[in-house]
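Engineer: Since the structure of chain L is provided, determine the placement of chain R on it from the hints.
The primary structure of each chain is shown beneath.
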Amino acid sequence: MATVHIPPALRKYTQGQEEVAVDGANVRDLLGNLETSYPGIGERIVDDKGAVRRFVNVFVADEDIRFMENLDTAVKDGDEVSIVPAIAGGR
Amino acid sequence: MGAASTLLPAGAQLAATRRAAPSRVDSILDLVGNTPLVRLGRIEADCPGVELWAKAEFANPGGSVKDRAASRIIGDALARGDLGGDRRLLDSTSGNTGIAYSLVGAALGIPITLVMPENVSLPRKQITRNYGTELIFSDPMEGSDGAIVLARKLAAEQPDRYYYPNQYANDSNWRAHYDGTAPEIWAQTDGRVTHFVTGIGTSGTIVGTSRRLHEFNPKIRCIGMQPDDAWHGLEGLKHLPSSLVPPIYDESALDETMWMPTDEGWDMSERLADQEALFVGHSAGANVAAARRVGMQLAERGETGVVVTVLCDRGDRYFGPMKWEKHYVW
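Those sequence lines, one after another, are chains L and R.
Numbering (my numbering) for the first sequence: 1 to 91.
Numbering (my numbering) for the second sequence: 1001 to 1330.
Just chain L, same shape as in the assembly:
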């Protein structure tokens, strides 16, 4: 299980929870499982082609997945995963 940090604008999908525990060997699987547990949140993070939306940053253990293997980036048990809007964030 990884711990996923949910930003305020998406907490309506997690019943207000700031952190949720989600399984997944890589980011793609993890986001799929996140959608299964919290329907509707997935399409806010990835677009209809399955890519992470341009204005969304996903971090695994403080590393931006765009600078790693993108959706194939491995997620280990206990990793912290953060979903952060790029606004006020340099993109």
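Since the hints were derived computationally from the structure, they do not count as laboratory data.
Incorrect hints may have been included.
Claimed, not checked - To give an idea of the chain L side of the interface with chain R (calculated C-beta under 10 Å), a few residues:
id : residue
1  : His5
2  : Ile6
3  : Ala9
4  : Gly16
5  : Arg44
6  : Arg53
7  : Val56
8  : Asn57
9  : Val84
Cβ atoms here follow ideal geometry from the backbone N, Cα and C, with glycine treated the same way.
Structural biologist: What follows is chain R alone, placed relative to chain L:
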């Protein structure tokens, strides 16, 4: 203004008093405002019969529309005696306002402290620090609202140390546009402006400009644009239904609200650079996308119009992090 000019209609009077760009000034602050109005000739081709124009706010000395509010806020606070001596100006900002405060503070010798989300880009931290500004960081997960909350707390705890102008609640913010942006647009279009549309951040631009334009001509339609969702990527703009609503926001000053998807704004930023040679930020892109929508609605009805919007800043303020900077946000 000569006596004869009082006989001219309001539009011609303002045109007669239009100031040319000064060739030399005593202070950098004299260069705030009086920005050029640029015609968007290629975007305009999407809406035949309608003119699209944009205020080039990146021409302000701090590089953004925020120079207007910051210089007015600080000027008014000095005049009231709220600033002066060792008292620091403390405010929250997602970026451009911080740069503007830093510029004005450096020009006038006013010490500045800024609260910003920790994940603002490195160049912004560097720019404000170079003006001598002190930075305090708030939780990146809580965004600009988190910065507001922390700034309020610090100001309440140390009222003698800090003057907290709160741009979201400060009348000097919208007045900068009431006295500057709006009469400039009126003069630069010779009173022909029919529509004004711009995004809502603090709401200072839309509220101040709309109030004054409606005084010039109540038929001018003023449209406030907001991101279409709480989860958006239009930096500097607010989705009010899910945000702290700025106290200066006055919906009655607006004729209409438009909801803008992030992708439409981002796509227009790219198109502006490619087709108009205007490399601007995403909020400027969203503003032009909104102006284009207004223009297309008019063209579909076979109507003409003069639609004006705002180019808030330049795109080089938003370069993404380089690979070697990948740790910069956390």
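Engineer: Closer than 10 Å between Cβ atoms is the bar; does arginine 44 of chain L clear it against chain R? Give me holds or violated.
Structural biologist: Hint on arginine 44 of chain L: holds, closest Cβ of chain R at ~5 Å, below 10 Å.
Engineer: Mind checking the CB of arginine 53 of chain L against every CB in chain R and telling me if the closest is under 10 Å?
Structural biologist: holds, 8 Å
Engineer: Identify whether the interface hint at glycine 16 of chain L stands, where standing means a beta carbon of chain R within less than 10 Å of its own.
Structural biologist: violated, 13 Å
Engineer: Closer than 10 Å between Cβ atoms is the bar; does alanine 9 of chain L clear it against chain R? Give me holds or violated.
Structural biologist: At 4 Å from the nearest chain R Cβ, alanine 9 of chain L passes the 10 Å test, so the hint holds.
Engineer: Return the status of the interface hint for valine 56 of chain L: holds when the least beta-carbon distance to chain R is below 10 Å, violated otherwise.
Structural biologist: At about 7 Å, which falls below the 10 Å cut-off, the nearest Cβ of chain R leaves the hint on valine 56 of chain L intact, so it holds.
Engineer: Take the shortest C-beta to C-beta distance between histidine 5 of chain L and chain R; is it under 10 Å?
Structural biologist: holds, 7 Å
Engineer: Tell me if the interface restraint on asparagine 57 of chain L is satisfied: Cβ within less than 10 Å of some Cβ in chain R.
Structural biologist: With a minimum Cβ separation of about 7 Å from chain R (threshold 10 Å), the hint on asparagine 57 of chain L holds.
Engineer: Would you settle whether the hint for valine 84 of chain L is holds or violated, based on the nearest Cβ-Cβ distance to chain R being less than 10 Å?
Structural biologist: holds, 7 Å
Engineer: Minimum Cβ distance from isoleucine 6 of chain L to chain R below 10 Å?
Structural biologist: Result: holds, 9 Å to nearest chain R Cβ.
Of the numbered hints given earlier, the model fails hint 4 alone.
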